[in-house]
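Number of protein chains: 2
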Amino acid sequence: MSAAKPRTAAVLGTGTIALGWIALFAAKGLDVRVSSTRADVKEHVTRALRLYAPSLPDGAVPVDLLMSRLSFFADVEEAAAGAEVVQENVREDLALKQELFGRAAQAAPEALLLSSTSTLLPGDLGALLEDPARVVVGHPFNPPHIVPLVEVVAADGAEAAMVEAAVDFYRFLGKRPVVLRRAVPGFVANRLQSALLRECIHLMREGVVTVAELDEIVTASIGSRWAVVGPFRAFHLGGGPGGLRHLMAHLGDGLERGWAGLGTPPVDDVTVRTLLDQADEAFGAYDYEELAIWRDAAQNAVIAAVEDVGKPN
Amino acid sequence: MSAAKPRTAAVLGTGTIALGWIALFAAKGLDVRVSSTRADVKEHVTRALRLYAPSLPDGAVPVDLLMSRLSFFADVEEAAAGAEVVQENVREDLALKQELFGRAAQAAPEALLLSSTSTLLPGDLGALLEDPARVVVGHPFNPPHIVPLVEVVAADGAEAAMVEAAVDFYRFLGKRPVVLRRAVPGFVANRLQSALLRECIHLMREGVVTVAELDEIVTASIGSRWAVVGPFRAFHLGGGPGGLRHLMAHLGDGLERGWAGLGTPPVDDVTVRTLLDQADEAFGAYDYEELAIWRDAAQNAVIAAVEDVGKPN
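Protein chains in written order, with my numbering: chain A, 12 to 324; chain B, 12 to 324.
One or more hints might be untrue.
Identical chains share a label here; the pair holds if one copy fits it or two copies do between them.
Derived DMTMM-like pairs (lysine to aspartate or glutamate); straight-line CA-CA distance at most 20 Å [stated by the list, open to error]:
1. Lys39 / Asp69
2. Lys39 / Asp75
3. Lys16 / Asp69
FYI, nobody ran anything at the bench for these hints, they're computed from the structure.
No experiment lies behind these values; they were computed from the predicted model shown.
One chain only, chain A, in its complex shape:
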């Protein structure tokens, strides 16, 4: 098998992440073997494809064409048999995931075994396999058919060729895989999100800004900035012609003083009530699906805009 030119992939589960992968895998021309015990699995997947088909990264694809590339199996072994890649997306239950990987590995001894987990570590997922390091985390950012990032996280002792195969597979899908140098709980993007959210909740709780005002501040400043350059490159450019070296010399202990002043809000009744009340006011009038479709279209437009500008010289 070649993960750079795969033909058949199994998708375990039919939750939100699984549905995004199914849409993308089918849009890229793969035969997709869906494993689910849902009685209404075809209707369930069709509904999701209708929602996602217009915002697929290479443009809209007819739902019938996508559906024609799918087959459905109640049994994990049947779904995995003949698949070059297995992407697992069941609920965050370690024992369940271990069992499924054990069964998939039996049915597809050569397949690349990938997990979408956001909270479990790769070394634990393959516990029932002869080589536990055979399971690689390929953690997407929701929704996986839109957001380019996949965090690739391997267990200690994983073969380099297998990690490369995972990277090749995600590149084939048009994703931007980044291999973490070691596994940490929460990986990277969710930890960064969590760090930012803590300060957002602090400032909201302290009455400095409302939920709606905070979102406006971010989209009008650091959001569009970080769509273009990451935090480090932004920091480097903030230093002027002397770059980061000049900035670090100039800041002195300013970084640490700034960090010491950040908030550590409790998630108590006041926090939750204030957050939910302000969220109702900010988003309550919107239909969830319409808002999600709008977000996906806008995010695709942002990604395309950055690509159009091209790389710096």
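With the hints as your guide, set chain B onto chain A.
Only chain B this time, still in chain A's reference frame:
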């Protein structure tokens, strides 16, 4: 005077922020009275305008036309005389800013007095004025001719009409002003940036990712997300049809557990050396000006892309 249709503005200082404001003020057709004691002020400003003219928000403007709208004064009183708005951007030295606002207020008793300060609080800046609350912070995000956000921060007891006038002025410039409900050190956007950067530096220091990999992770995920929806709206959509209410019930103490696991890196020799070495590797090959021009063009493209998609229904 009307801050929604101003004709004349004074700009105090000729640092990076001042230069961005000068370019934008002139591009919007204002007569700009620049206060600077630099002997080479005209050459200095002309160089900056050449750099900024192509990335002005409504499209390129000839440098000669921009320059024809500027006049230069060594004296603060002369610059402020006749200006409807004074935007102060000198170095972060409280005594200096207080003195300049005292002198500007004498020369222009009716002018709107605005400060670009990022670290000082509005109540302190007007200490030498009859009404200390007359100075309002209008804190831009660098570069001010590109990034839409202006944080408007007033002292306790500031007149509502004056805060409105500041908002009108920044709207006239095409900015997205957000009024903070109270003043906190660092305001909002820089505090959020600081919170994220702390975790970035932690993950870099711990060897999970390099500087370049971390930037790739952010631009490929949360960056393009936050250019479109802020952190709270993203969080709300992450909850599915049940929104934030469902998510908060589902998370339990997950938020606080996640926060407890975030890093608190020391800014010691190891941190600084690792950061600078990796930054050299990531950005060392780029010319600063070329990289800044590219960032500005790409950020303008992102802002335009989101505007083109329009608001959700």
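Hints, one by one, checked against the model:
no., hint, in the structure
1, Lys39 / Asp69, "within (9 Å within a copy, 39 Å between copies)"
2, Lys39 / Asp75, "within (14 Å within a copy, 52 Å between copies)"
3, Lys16 / Asp69, "within (18 Å within a copy, 45 Å between copies)"
Violation of the numbered hints given earlier is absent; every hint is satisfied by the structure.
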